[in-house]
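Chemist: Based on the hints, put chain B in the right spot on chain A.
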Amino acid sequence: MSIVPAELVAIAPITLLTALSLIVLVIEALMKQSEGVSYAVSVVGLVICLLISLGTIDLTGTAFNQMLTVGGYGSLFSSLFVIAALLTVILSRDYLQKEHINFGEFYLLILFSTLGMMLMAYAADLIIIFLGLELMSICLYVLAGFMRKRLLSNESALKYFLLGAFATGFLLYGIALIYGSSGTTNISYIVQNFSTLSSSSWLWMGLGLLLVGFAFKVGAVPFHMWIPDVYQGSPTTVSGFMSTGAKAAAFAAFVLVFAHPFENAEKLKTVLSLLAAASMILGNIVAIAQSNLKRMLAYSSVAHAGYMLIGLAAANEMGWNGILFYLISYTFMNIGAFGILSLLEREEEKNLTYDDYAGLGSKRPFLAALMSIFMLSLAGIPPFAGFFAKYYIFVAAINANLTWLAIIGVLTSVVSVYYYLRLVVMMYFQEGEMVLVEATSKASSPKFFELRRASMAVLTISAFALIELGIYPSTILTIINNLR
Amino acid sequence: MHNLSPYIVLFPLLGFLINGLLGKKIHSEKISGIIGSGVVGVSFVIAAIVFFEMLRSSVEERFYLINLFNWIAAGSLSITVGYQIDQLSILMTLIVTGVGFLIHVYSIGYMHGDPGFWRFFAYLNLFIFMMLNLVLANNFALMFFGWEGVGLCSYLLIGFWHDRRFDTGGYKPGTATTSDAAKKAFIVNRIGDVGFLISMFLIFMTFGSLTFEDVFKRASGVMMTGDETMFWITLLLFLGAIGKSAQIPLYVWLPDAMAGPTPVSALIHAATMVTAGVYMVARCSVLYALSPVTMEIVSITGLATAFVAATMALVQNDIKKVLAYSTISQLGYMFLGLGVGGFAAGIFHLTTHAFFKALLFLGAGVVIHAIREEQDIQKMGGLKSKLPITSNTFLIAALAIAGVPPFSGFFSKDEILWHSFSQGSIVYWLFGWMTAGLTAFYMFRLFSLTFSGKERWSHDIHPHEAPNVMTIPLVILAGLSMLGGFIGIPASLGGGNAIEQWLEPVFERAHVIMVPLHTFSHATEYLLMALSVLLSIGGVYIARLFYLRRTDIVFKLSTSFATIYKFLWNKYYVDEMYDAVVVQPVVKGSEKLLWARFDVSIVDGLVNGTARFMYSLSGILRRIQVGVAQSYAMVFVAGIIIILGILLTRM
Chain A
3 MSIVPAELVA IAPITLLTAL SLIVLVIEAL MKQSEGVSYA VSVVGLVICL
53 LISLGTIDLT GTAFNQMLTV GGYGSLFSSL FVIAALLTVI LSRDYLQKEH
103 INFGEFYLLI LFSTLGMMLM AYAADLIIIF LGLELMSICL YVLAGFMRKR
153 LLSNESALKY FLLGAFATGF LLYGIALIYG SSGTTNISYI VQNFSTLSSS
203 SWLWMGLGLL LVGFAFKVGA VPFHMWIPDV YQGSPTTVSG FMSTGAKAAA
253 FAAFVLVFAH PFENAEKLKT VLSLLAAASM ILGNIVAIAQ SNLKRMLAYS
303 SVAHAGYMLI GLAAANEMGW NGILFYLISY TFMNIGAFGI LSLLEREEEK
353 NLTYDDYAGL GSKRPFLAAL MSIFMLSLAG IPPFAGFFAK YYIFVAAINA
403 NLTWLAIIGV LTSVVSVYYY LRLVVMMYFQ EGEMVLVEAT SKASSPKFFE
453 LRRASMAVLT ISAFALIELG IYPSTILTII NNLR
Chain B
93 MHNLSPYIVL FPLLGFLING LLGKKIHSEK ISGIIGSGVV GVSFVIAAIV
143 FFEMLRSSVE ERFYLINLFN WIAAGSLSIT VGYQIDQLSI LMTLIVTGVG
193 FLIHVYSIGY MHGDPGFWRF FAYLNLFIFM MLNLVLANNF ALMFFGWEGV
243 GLCSYLLIGF WHDRRFDTGG YKPGTATTSD AAKKAFIVNR IGDVGFLISM
293 FLIFMTFGSL TFEDVFKRAS GVMMTGDETM FWITLLLFLG AIGKSAQIPL
343 YVWLPDAMAG PTPVSALIHA ATMVTAGVYM VARCSVLYAL SPVTMEIVSI
393 TGLATAFVAA TMALVQNDIK KVLAYSTISQ LGYMFLGLGV GGFAAGIFHL
443 TTHAFFKALL FLGAGVVIHA IREEQDIQKM GGLKSKLPIT SNTFLIAALA
493 IAGVPPFSGF FSKDEILWHS FSQGSIVYWL FGWMTAGLTA FYMFRLFSLT
543 FSGKERWSHD IHPHEAPNVM TIPLVILAGL SMLGGFIGIP ASLGGGNAIE
593 QWLEPVFERA HVIMVPLHTF SHATEYLLMA LSVLLSIGGV YIARLFYLRR
643 TDIVFKLSTS FATIYKFLWN KYYVDEMYDA VVVQPVVKGS EKLLWARFDV
693 SIVDGLVNGT ARFMYSLSGI LRRIQVGVAQ SYAMVFVAGI IIILGILLTR
743 M
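Same order as they appear, the protein sequences are chains A and B.
In terms of the working numbering, the first sequence opens at residue 3 and continues consecutively.
In terms of the working numbering, the second sequence opens at residue 93 and continues consecutively.
Bound conformation, chain A alone (with noise of 0.2 Å):
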């Protein structure tokens, strides 16, 4: 088989990040002291790549004998993959040299993972699907048990792989049974065939087990076991990472075979919104008990899960629009809060928990606001894009007849209020003294709260968009309406 030029252009973004990638690869292999030099080329390529996907947006039609899109929906995608991989690699700088695992490859892996992710948006076929999904994931596992001399890295790192190649086993092997009842594993095959194929029971379990891949890639209650521990285990920004680009990614396959018109659907229906619902109680329920912020963050993210899956549940225009909205402002906050927590983490997990907030508005207030902005948002409280995210979520669900769902929704944002604003008011209510731990080896980490200049302007940026799109979010309304 040839490869066509043009096809090469037609996917411009995933090119130019496979060669970017390689570049990394090349440095990391030929140079002492690559890291300065990796963190410099990947943030240079990343923002190239970014401007090349926004800028294929517009573009349609497929390529590579129907395996990939182009333009579009993988373009959207793909352009919040890398702007959350430029925040997360822009981050880790400190965070890297504070915990001394400062070495160049982590740029590459994001790389990569980013890579998969795309690869996802992209695909126009089932076995891509995998392909990405598969490619990010490994390079996640490696980035999770990142922190090599850290034990709770280490497990966090395994228990990611096991649980990991579990779900993989039953993704491929819906995969596989799909393939065995319909011939093929093109998804528009399968979309438009539907009403004839759908009458065969395995392709009804080939779906079942695919759904069940990706809700455990999304974080859904009951596949959503690993999310707190890997969390908590992982280099912080790694966790930001995951709980954005690989959930956002898991959620653009999730939508791409999920999020049609299917008929005599009820049932899947039916499935969809039970996962939703048990995220939402699950995941909002168990954050209220957490002390340490990253697993309160963990289950936080398993509750975002829950909402973004009424979308799909609910199955019209709205919801599956409502959906990649969600996607776009959840990766600003969430990206923004783990940054934070990983800009004022230290050594030995320090500095993690509510208590050791206290005081912070006073201390930092700059730093407090954006925390708040952040954590206002995902509680969902306008004018923060938060709250659009959410109504228009809930709308679309009161539109599909699921006015339940929508209540259940309503409720445990309540509910999540209390914790996300307990970090709130722990800094600016709770007068305590600097509770905040200093660095223990003052010799190579960066001074007390002496932040980079780079990281308080992508954290700035990140609450300025979420500001946006609270206020306005018809811009990107209008553009992901156009997809369709």
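Quick caveat, the hints were computed from the structure, so don't treat them as lab data.
Treat each hint with caution, since some may be false.
Said to hold, decoys possible - In silico lysine-lysine, BS3-like type, Cα no more than 27 Å apart, as pairs:
hint	chain 1	residue 1	chain 2	residue 2
1	A	Lys352	A	Lys269
2	A	Lys100	A	Lys352
3	B	Lys309	A	Lys365
4	A	Lys151	A	Lys269
5	A	Lys352	A	Lys365
6	B	Lys117	A	Lys365
Said to hold, decoys possible - Facing chain A, from chain B, some residues (calculated, C-beta under 7 Å):
hint	residue
7	Met706
8	Tyr707
9	Ser710
10	Gly711
11	Arg714
12	Val718
13	Tyr724
14	Gly737
15	Ile738
16	Leu739
Cβ coordinates follow ideal geometry from the N, Cα and C atoms, glycine included.
Modeler: The following block gives chain B in isolation, referenced to the frame of chain A:
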């Protein structure tokens, strides 16, 4: 040229951002002041360009909409942010930016040396931005945004010197700070805003839109005069207007609002913001025309406020308080005009009032500065020779507001009085006429005590005229106060009433609905005009006589009519009444009943109970998370079985 209009709004916002974000860093009064006034000046120039463009074009082309973006698009509710440029909104824009610019320039001098100089200009710019959104909005939602925005700025600026003591006059003396005054304004305004908001919901329910054009078109096409829905819509809107424009019974915040810096009193609490209610009623003239009962309420409220506030102004000794009551009274006039269907007359008076009232306040500001922040007119006197420019411009403004021809106030006030007679009733006219006499009297009481007579200030003060940056705005405003009336010379005096003709297309729909009741000859008009001129001049003369030559009469009057005097001095005891009837019961009730019983036991109990329940539930659920991968896999498999079970059973 029309495309320029959004920039009118944009520039003040830019000024606010620059001064607000960088003001502290710039740390230069000169730069902050130039930026702050400059942006408003630029807005004014653009507005003027648009205005002249409109003058040259035909009547049909004078109305256009500019859609900026879709703000909220959710279901059937779609709110676009857009501006409506027409004869009324451009006139308001010219007033806001024009008078606003002069007051900004004046403030450079007035606020000199204040540590919050940049903050002051940032707030003022923000105010102009909000006010422009209010007057240019093409829908109720954006108007409400501006409406709340100006309220916020007013709050920030009243409490600008937040720790200063402030005399509320009579009522609980010496206990209040400017923050209390700011709070009072904010809270009282909320009452009106609730009305506005509910009315907005009603409008959306009735017409399915919040855009002015849609609503007005449908209203004039579908609705019958006297429709009950229209009554509630207009009445609740008017409640909003009452709050913002300080009418009975919600006027009490405005006198206290004088705690803010004087330029603020001039700009926000005299020339622009407080007229927002008048503008809103005029903007919704169609809706009001459909509800004659509300119109009646508007006129009576306006008239009562005009008269009552004028009587309160008679005995006040604080120079700014006199002006504040006078503002309330003049706003009452405007509502009287609107209520009897003289929409153009109301707007005309709004225009001239902006000129002379701004001038009066700015003049008062110079006086206050000159004699070391003294505001009591009993401790002034004889300042004419020390402050020649101020006293002459103040005199012009006083003559204008007193309604002495040919100053601007004469024409606009007479227009309202004529409408109240011809389309209202003789009683309306009579009270309006008496109010005019009272106005002339208290204004010249104020002028005489301040500028004429003996010097009553201590001799170690050496008052001197303000710098040019303050006096030039005074002179310009004096010019406008003198000549502003000529845009509305009535037909009976051989004029064309340009302003009424200019505004006619805006009020056309309302005028179609409201058929004039009576027609009168010019002779009647001349007679009434002569009567009011006579009364104005009489009021001026008596005030001069009482307070300059025969001060004994004042003393005699105040002793022989001690009860009335005390009643007026205490401002009809309205503040005390509100305190006793509303404030105290609410405070007591919330402390003793709501807080102690309901909140602590029931609400807190419920909330804490729920929270405790959730917390313990959370603790139980948490135990599922044991940390062992095998058990996770078990849950996983259970999940798969359930899902496949649902999917594979045939329903």
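Chemist: Each hint: holds or not?
Modeler: Going through the hints against the structure:
1. Simply put, lysine 352/A and lysine 269/A have alpha-carbon atoms about 47 Å apart, too far for the 27 Å limit, and the pair is violated.
2. Between the alpha carbons of lysine 100/A and lysine 352/A the distance comes to roughly 12 Å, so the proposed pair stays at or under 27 Å and holds.
3. Between the alpha carbons of lysine 309/B and lysine 365/A the distance comes to roughly 57 Å, so the proposed pair goes past 27 Å and is violated.
4. At most 27 Å may separate the alpha-carbon atoms for a hinted pair to count; lysine 151/A and lysine 269/A exceed this at roughly 47 Å.
5. Restraint check for lysine 352/A and lysine 365/A: satisfied, since their Cα atoms lie roughly 18 Å apart, inside the 27 Å limit.
6. At roughly 21 Å between alpha-carbon atoms, lysine 117/B and lysine 365/A fall within 27 Å of each other, so this suggested pair holds.
7. A least Cβ separation of about 6 Å between methionine 706/B and chain A falls short of the 7 Å threshold, and the interface hint therefore holds.
8. Against a cut-off of 7 Å between C-beta atoms, the interface hint on tyrosine 707/B holds, since the closest Cβ of chain A lies about 6 Å away.
9. With a cut of 7 Å, the hint placing serine 710/B at the interface with chain A holds, because the nearest CB-to-CB distance is about 4 Å.
10. With a least beta-carbon distance of about 5 Å to chain A, the hint placing glycine 711/B at the interface is held under the 7 Å criterion.
11. Annotation: interface hint on arginine 714/B holds; nearest CB of chain A at approximately 5 Å, less than 7 Å.
12. Violation of the interface hint for valine 718/B is found here, the shortest Cβ-Cβ separation to chain A being roughly 9 Å, above the 7 Å cut-off.
13. At about 4 Å, the closest approach between the beta carbon of tyrosine 724/B and any beta carbon in chain A falls short of 7 Å, and the interface hint on this residue holds.
14. Below 7 Å, beta-carbon pairs count as interface contacts, and glycine 737/B has none with chain A, the closest being about 9 Å; its hint is therefore violated.
15. Look at isoleucine 738/B: its Cβ gets to within about 5 Å of chain A, closer than 7 Å, so that hint holds up.
16. Nearest Cβ of chain A to the Cβ of leucine 739/B: about 5 Å, under the 7 Å cut. The hint holds.
Of the numbered hints stated above, those contradicted by the structure are hints 1, 3, 4, 12 and 14, listed in ascending order.
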